[in-house]
Structure formats: structure tokens, C-alpha cells
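Visitor: Guided by the hints, dock chain X onto chain D, whose structure is given.
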Amino acid sequence: MHVGSVNAPNDELAKVYAWTAYDEEKWVEMCVVRRNEIIPVLNPDNKPIWGN
Amino acid sequence: MSAPTFSSAKDLSDDCRDAVRALLLAIADTKMLLGFHYGERTFGAPALEACIAACSMSQDEFGHLRLLHACLTTQFGDSPDALIEKRALHEFANVACLDRPLVKWADFVAINLFTDGALTVILSGLQKSAFEPVANFVGKMVEEEKHHLRNAQGWFRTLATYNSQTKTALEEASRWALSPTLEWFGPSNHAMMKTLERYGIVNASWEELRQRFLDWTGAFAHEQKISLELEQKNIHWTPTFPIDFSKWNAANRRCTPAQPDEKLLYHLRGSKNAIFKLGEHN
Numbered sequence: 001m002h003v004g005s006v007n008a009p010n011d012e013l014a015k016v017y018a019w020t021a022y023d024e025e026k027w028v029e030m031c032v033v034r035r036n037e038i039i040p041v042l043n044p045d046n047k048p049i050w051g052n
Numbered sequence: 001m002s003a004p005t006f007s008s009a010k011d012l013s014d015d016c017r018d019a020v021r022a023l024l025l026a027i028a029d030t031k032m033l034l035g036f037h038y039g040e041r042t043f044g045a046p047a048l049e050a051c052i053a054a055c056s057m058s059q060d061e062f063g064h065l066r067l068l069h070a071c072l073t074t075q076f077g078d079s080p081d082a083l084i085e086k087r088a089l090h091e092f093a094n095v096a097c098l099d100r101p102l103v104k105w106a107d108f109v110a111i112n113l114f115t116d117g118a119l120t121v122i123l124s125g126l127q128k129s130a131f132e133p134v135a136n137f138v139g140k141m142v143e144e145e146k147h148h149l150r151n152a153q154g155w156f157r158t159l160a161t162y163n164s165q166t167k168t169a170l171e172e173a174s175r176w177a178l179s180p181t182l183e184w185f186g187p188s189n190h191a192m193m194k195t196l197e198r199y200g201i202v203n204a205s206w207e208e209l210r211q212r213f214l215d216w217t218g219a220f221a222h223e224q225k226i227s228l229e230l231e232q233k234n235i236h237w238t239p240t241f242p243i244d245f246s247k248w249n250a251a252n253r254r255c256t257p258a259q260p261d262e263k264l265l266y267h268l269r270g271s272k273n274a275i276f277k278l279g280e281h282n
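In order, the protein sequences belong to chains D and X. The first sequence begins at 1 in this note's numbering and counts up by one. The second sequence begins at 1 in this note's numbering and counts up by one.
Incorrect hints may appear among the rest.
Calculated lysine-lysine pairs in the DSS-like style (CA-CA distance at most 25 Å, straight line) [what the hints assert, rightly or not]: (1) X/K225 <-> X/K167; (2) D/K15 <-> X/K140; (3) X/K263 <-> X/K10; (4) D/K15 <-> X/K104; (5) X/K194 <-> D/K15; (6) X/K104 <-> X/K233; (7) D/K26 <-> X/K10; (8) X/K263 <-> X/K86; (9) X/K277 <-> X/K86; (10) D/K15 <-> X/K10; (11) D/K15 <-> X/K128; (12) X/K128 <-> X/K194; (13) X/K146 <-> X/K128; (14) D/K26 <-> X/K167.
If you're looking for bench data, these hints aren't it; they were derived computationally from the structure.
Here chain D stands alone, though its shape is the one from the complex:
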């Protein structure tokens, strides 16, 4: 389940920003994925809704 996105200069801050922005639920796990590692399934030619 994708819950949101963050902009961060490095992986370490990406983890902090993901946690501080999206910690409202008791997540079993939370993962951050770099945008360029995402493979869109439905609209492979469009930019994803979360932007750049």
C-alpha cells in the first residue's frame, strides 16, 4: 500500500521524513523506495501521481 511520498537528499533523511510524516498508524513495517526504482504497472508511460 502506497501512503505518500517525501523528498529527501539521502536515504537516512528519507527514512526520518517517511516516519515523521506517516506514523499516524501502527505500521507493521514501513519502507521507502526511490522513485527511479518504481515500475509503474497501469500507466507505464505517465509520471506517477506523486510527481517527479
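Guide: Relative to chain D, chain X alone:
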């Protein structure tokens, strides 16, 4: 035979009760001002995500403050109202670099790493404390503080490597924050620290806790090529600047008569909204 534990402050000896109260108050005061400075960065941080992180850390610090004040209230007969509203400025036992408004983002990163980091080292030293009321809540604090340190380390690495301006600013801010933080630790051979050790209130000697802080920050800054006034001797890091503890005041953990800025406390206390403090006695 396991070491004795204390379920209430009433079970502590007089000297130990005084030492525990002073330590909890110093941690609470520092968290209160950290919470204020983090909260101030809800606006004006370099990125929206950094604003959210600062705001979140501020909420954590104020949550911890509530827990500490609750403990001081139930165990030591203090009242949050008196602790925040009615104390003289010179009684606040916070780390002195929090006395004034922060000037630049590097100051924020420096207090995040050094001052918040020092508190986390002390809090981890209180895990499995013989004083049960503290042992019961300190684990949650340490867990939340991990995110604060990750934020600090992430920004420290970023500023250290981005360009020469950010590196210089970080170096200056780090030196500015490190010295008062070590002053706040105080002299390891002080009777108060020895009392905390003797009764198992802390799980290591005060000197070990202080050294743990120095070894972690010294090695981390060195790895980022940030020059602090610390040098490595054998495996340990030590300050190269002297701290004169001869006038160290155990009540406010300072060597000088410094105190928090009155305007800062005015904002923090919500003094201009005093008439809206419903249900509280003036």
C-alpha cells in the same frame, strides 16, 4: 542476589531522592527548551519534510516533558504549574545553548545531534533503573529518540558534505553546542552522580555515560571530516578545551550564572494567554 529496586521516591534515601529529582528536572527542562526550538522550526526549515520532522520531534519532546512532570508530581510532590510558570529563570537546568533563539539551520542540526544526543545517552543510562517509576517509561522515550538521532545524523552528513559554506556553518554550530552540553553533563566525580551510580539509578557510571557520548559524537564528526575540539586518545575521544567545574552548580548544571532568555520563556509559558488558562489557579 539481585540489586534492590525502589517502587517509590519514598523508598529512596534523602541524598538519592534529591539526586534523582535534580536529574529528572534537568532532563525535563532541557526537553522543554528542545521542544520549543524544534517547534520554532515547523516554519522556515530548508524543506517541507524537514518542517514536518521538526514539528514531530517537538511533539515528542513535549510528550516526554509531560511524562517527566507527571513523575515529578506523583513521586516528588512538584506541580507542572510551578515547574513551568513559577520558577526563577536561574533555576532552569537546561543545556545552556538552548537559552537563546537559534540563529541558523546548522544550530538546529547541532542541538539535534549534541544536546538531544546527550539526553538520549542519559536516558539509555536510565533503562532498567533501580527507580521503578523511571524504568517504566524511559524505554518509550529512547525508542522515539532514535528517530531524532537519525534526523540529526542525516542532516549532519548532508551539511558536512554539501559545500564549504554549509560545512563551516556546521563546524561553528557544533562547537557552539558541544561545550555547554559537556558542562551540563557535569563533573563525573560529583557526589550527586556517585549517588545515582551507588543506588543503581543509572546502569553505568556517569563517566562511562559521558565517555559514551564523546566516543559516539567524536567518531561521527571525525568520519564526516568536521573538526570539533575533540581528540582521540587510544580508543576514547576527549575534549581539548578545559571546563572549569569549580563553580559548577548541581541545581542548574551550569558553571556560570547564565539562564534562559526571558522572552523565550514568555513564549514558551504562553504568558500572553494567561487569562485563557482555564481551570488553573493563578
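Visitor: Look at each hint and say if it fits the structure.
Guide: Each hint tested on the structure:
Distance check on the hinted pair: X/K225 and X/K167 sit about 9 Å apart at the alpha-carbon level, within 25 Å; holds. Simply put, D/K15 and X/K140 have alpha-carbon atoms about 19 Å apart, close enough for the 25 Å limit, and the pair holds. About 37 Å separates the Cα atoms of X/K263 and X/K10, which puts this hinted pair outside 25 Å; it is violated. Taking the CA atoms of D/K15 and X/K104, the gap is near 24 Å; set against the 25 Å cutoff, the hint holds.
A C-alpha spacing of about 39 Å is found between X/K194 and D/K15, which places the hinted pair above 25 Å, so the restraint is violated. Among the hinted pairs, X/K104 with X/K233 is inconsistent with the structure: their alpha-carbon atoms are about 32 Å apart, more than 25 Å. Distance check on the hinted pair: D/K26 and X/K10 sit about 37 Å apart at the alpha-carbon level, beyond 25 Å; violated. With a C-alpha separation of about 15 Å, the suggested pairing of X/K263 with X/K86 holds against the 25 Å cut-off.
With a C-alpha separation of about 14 Å, the suggested pairing of X/K277 with X/K86 holds against the 25 Å cut-off. In summary, the hint linking D/K15 to X/K10 is not supported, as the alpha carbons are separated by about 43 Å, beyond the 25 Å threshold. Note on D/K15 and X/K128: the hinted pairing is violated, with a Cα-Cα distance of about 29 Å set against a maximum of 25 Å. Distance restraint check for X/K128 and X/K194: the Cα-Cα separation of roughly 18 Å lies within the 25 Å cut-off, and the hinted pair is therefore satisfied.
Between the alpha carbons of X/K146 and X/K128 the distance comes to roughly 18 Å, so the proposed pair stays at or under 25 Å and holds. A distance of roughly 37 Å separates the Cα atoms of D/K26 and X/K167; the hinted pair therefore is violated under the 25 Å criterion.
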